[in-house]
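Working from the sequences, and respecting the hints, build out all of it.
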Amino acid sequence: MPAQALTVEISAGDLETRRLLRLVAEQAQLDQQITFQEGSKLRVVSGGPALLNINAVCRFIAGSGELGKDLLGRSPTAEAQIAEWLSYTATSIRPLTDKNLDEINDWLLTRCFMAGPQLSLADLVLFGTLHRAMVNLPRAQVERFCNLFRWFDFMQNAIDTKSIYPTVTIKKPKFQMPPVVVPPAKVDKAAAAAAPGKAGNVSCKAGAGQQTPTAPAKSASAAPQPVKAAQAAASGAGPAAATVALGDGPPSSATAAATTADAQAAQPAKVKAAKEKKSKAPSIPTPENPPAEDVSLLNLQVGQIVSVKQHPNADSLYVEEIDLGEEKPRQIVSGLVKFVSVEAMQNRRVVVVTNLKPAKMRDVLSYGMVLCASNEAHDKVDPIIPPEGVSLGSRITFEGLTAEPEAQLNPKKKQFEKLAPFLRTNSEGVAVFKDLPFMTTLGPVTSTIPNAHVA
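Residues in the sequence shown are numbered consecutively from 1, following the UniProt record's numbering.
Any given hint might turn out to be false.
[Stated by the list, open to error] Result set (DSSO-like, lysine-lysine): computed pairs, CA atoms no more than 27 Å apart in a straight line:
1) Lys434 / Lys360
2) Lys414 / Lys360
3) Lys380 / Lys412
4) Lys380 / Lys360
5) Lys414 / Lys172
6) Lys69 / Lys162
7) Lys434 / Lys412
8) Lys69 / Lys99
9) Lys328 / Lys360
10) Lys434 / Lys414
11) Lys360 / Lys412
12) Lys162 / Lys434
13) Lys172 / Lys99
14) Lys418 / Lys434
15) Lys99 / Lys338
16) Lys434 / Lys99
17) Lys413 / Lys309
Bear in mind the hints are in silico, worked out from the structure with no lab data behind them.
Pasting the structure below:
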C-alpha cells in the first residue's frame, strides 16, 4: 500500500497515546507522512477512515506503510497471534497485575517477539502499554520477570532508536561463570582385573589338574583398617579419607561383609538422632523466655506513602507505593482498609520493615510491611508515627543495640515472629522493643494507640 499523508487528532495531554502512535509510525516508515494535532478525542482526521480506538488507529497506520505486512503478520498464524495480543493488551491488563506479568513473562520464555519470528504491532502496542508500569516496578521484580525485562530492554534499545519513550534503567544481574567440571579419569577395567591381590582369585598348581583357592582372607577383627575407613566414610569423612585407610588392595569378602554390617549398625543411630533433632519444637518467646535474636535483625526504615490504591483482588487490602529514599518507591500491601481511610494514608509517614522476604498477597507482591499499633480487641489499628522531618530511608535505632540488620530475614527461622511479642507501645504511646524506644535522629516513634501490640 503506498504511503499517504495522514492527520491524527489526539486528546490534549494524552502523551502516552502520542508516543505509541509515533513509535508505530516510525516502524512503518511513516514518521515523515503523519501529523498529530491536539483535539477532544482520538481519531484519524484525514487520509483515512473514522477510527476511534487506539488499536484500530495503530492497525491503520501500520498497514499504510511500506512494512505493513511485516507489522501485521505475513501468515494467518502470525495475524491471529497479533490480533489476540492486541485484544489482550486492550482488555486484560488494565489494571496491570502480577498475574498479567507472569503470563507475559511465561510467553516470552522461548521467544524474542510476541508473535512470530520478527517484530510486529503486538510488540509495539504492548511495549507502549507497559512502559509506565515498568518504570515503577521495584528492582526485586527483575529476576522474577526476567524474560519480560529482557524483551523490554531489547525493545527500548534496538527498536525505539529515536528515544520516543524515556529509557528505563534496568540493573541486570552479573553473569557468573559456572565452575569448571573436570571429568573423572577413565579406569582400564582389563588392567584392573589383571592386577594381583584381587579377592577371590584362583591359582592353578602345575600338574595337579585342579584349582585351589588362595589363602583365606583375614577375619573382620584382624583387619581393623577397612572397618575404620567405613566408619570414617559413614561419619562424613569423605571419599579421600576412606581411600587412605583402605590402602592399595581392595578388601576381601569377609572384610566387606564386616564393613557393611558396621555401616548398617551405625545407620539407625544416626537416623534416630536426626529424628530427635527434628522433633524438638522451637521455644515460643515470652516475657519469661526472651528471644535469642535482638531487634537489630530487623531493618526498620522511615518512609512516606506517595500512592495508595485499593487492591485489585481484595477488598480489605491497600497497595501502597512508599518512598524509602531508594531509586524507586517500594510496593507494599497492607490490610488497613477497615481501619484507615485512603485520605489518611496518602502522604503519611510510616515505619517499614524492609528486609522481609517479598511475599505475594492475593497475586500482588509486597516488598515489606508497614508497622502498625493494634489494641487487644483488634478493632483499632493505626500505623506508628515517626517524627516529622526525619529523612526518608533513615533507620530506627535502639539504645545499646548496634548490630547490622540481616540482608533478608529467613522465613523458616521465624525471626520476626520471635521478636513480635516484644514490639508494643507503652502507656505514653511510645513504640518500644521491651523497654527500649524506637529512636530516630529527631526523637522516638509514637502511636495514637497506647499499650498496644506493634506488628
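Hints and how they fare:
1. Taken as a hint, the Lys434 and Lys360 pair is broken in the structure, with Cα atoms around 30 Å apart against an allowance of 27 Å.
2. For the suggested pair Lys414 and Lys360, the alpha carbons sit about 18 Å apart, so the restraint of at most 27 Å is met.
3. A C-alpha spacing of about 30 Å is found between Lys380 and Lys412, which places the hinted pair above 27 Å, so the restraint is violated.
4. Restraint check for Lys380 and Lys360: the C-alpha separation of about 25 Å stays at or below 27 Å, so the hint holds.
5. Between Lys414 and Lys172 the CA atoms are separated by roughly 31 Å; this puts the pair beyond 27 Å, and the hint is violated.
6. Taken as a hint, the Lys69 and Lys162 pair is honoured in the structure, with Cα atoms around 23 Å apart against an allowance of 27 Å.
7. Our distance criterion of 27 Å between C-alpha atoms is met by Lys434 and Lys412, whose separation comes to about 24 Å.
8. In summary, the hint linking Lys69 to Lys99 is not supported, as the alpha carbons are separated by about 32 Å, beyond the 27 Å threshold.
9. Restraint check: the Cα-Cα separation between Lys328 and Lys360 comes to about 19 Å, which is no more than 27 Å; the hinted pair holds.
10. A threshold of 27 Å between alpha carbons decides the hint, and for Lys434 with Lys414 the separation of about 18 Å falls inside it, so the pair holds.
11. Straight-line distance between C-alpha atoms of Lys360 and Lys412 comes to about 17 Å, which keeps the hinted pair within the 27 Å bound.
12. Of the pairs offered as hints, the one joining Lys162 and Lys434 is violated, with about 58 Å between alpha carbons and a cut-off of 27 Å exceeded.
13. For the hint linking Lys172 to Lys99, the alpha-carbon distance of about 22 Å falls within 27 Å, and the restraint holds.
14. The hinted pair formed by Lys418 and Lys434 meets the criterion: a straight-line CA distance of about 13 Å does not exceed 27 Å.
15. Straight-line distance between C-alpha atoms of Lys99 and Lys338 comes to about 25 Å, which keeps the hinted pair within the 27 Å bound.
16. For the hint pairing Lys434 with Lys99, the CA-to-CA distance comes to about 41 Å; that exceeds 27 Å, so the pair is violated.
17. Annotation: proposed proximity of Lys413 to Lys309 is violated, straight-line Cα distance about 32 Å (limit 27 Å).
Hint compliance for this structure: hints 1, 3, 5, 8, 12, 16, 17 are broken, all remaining hints hold.
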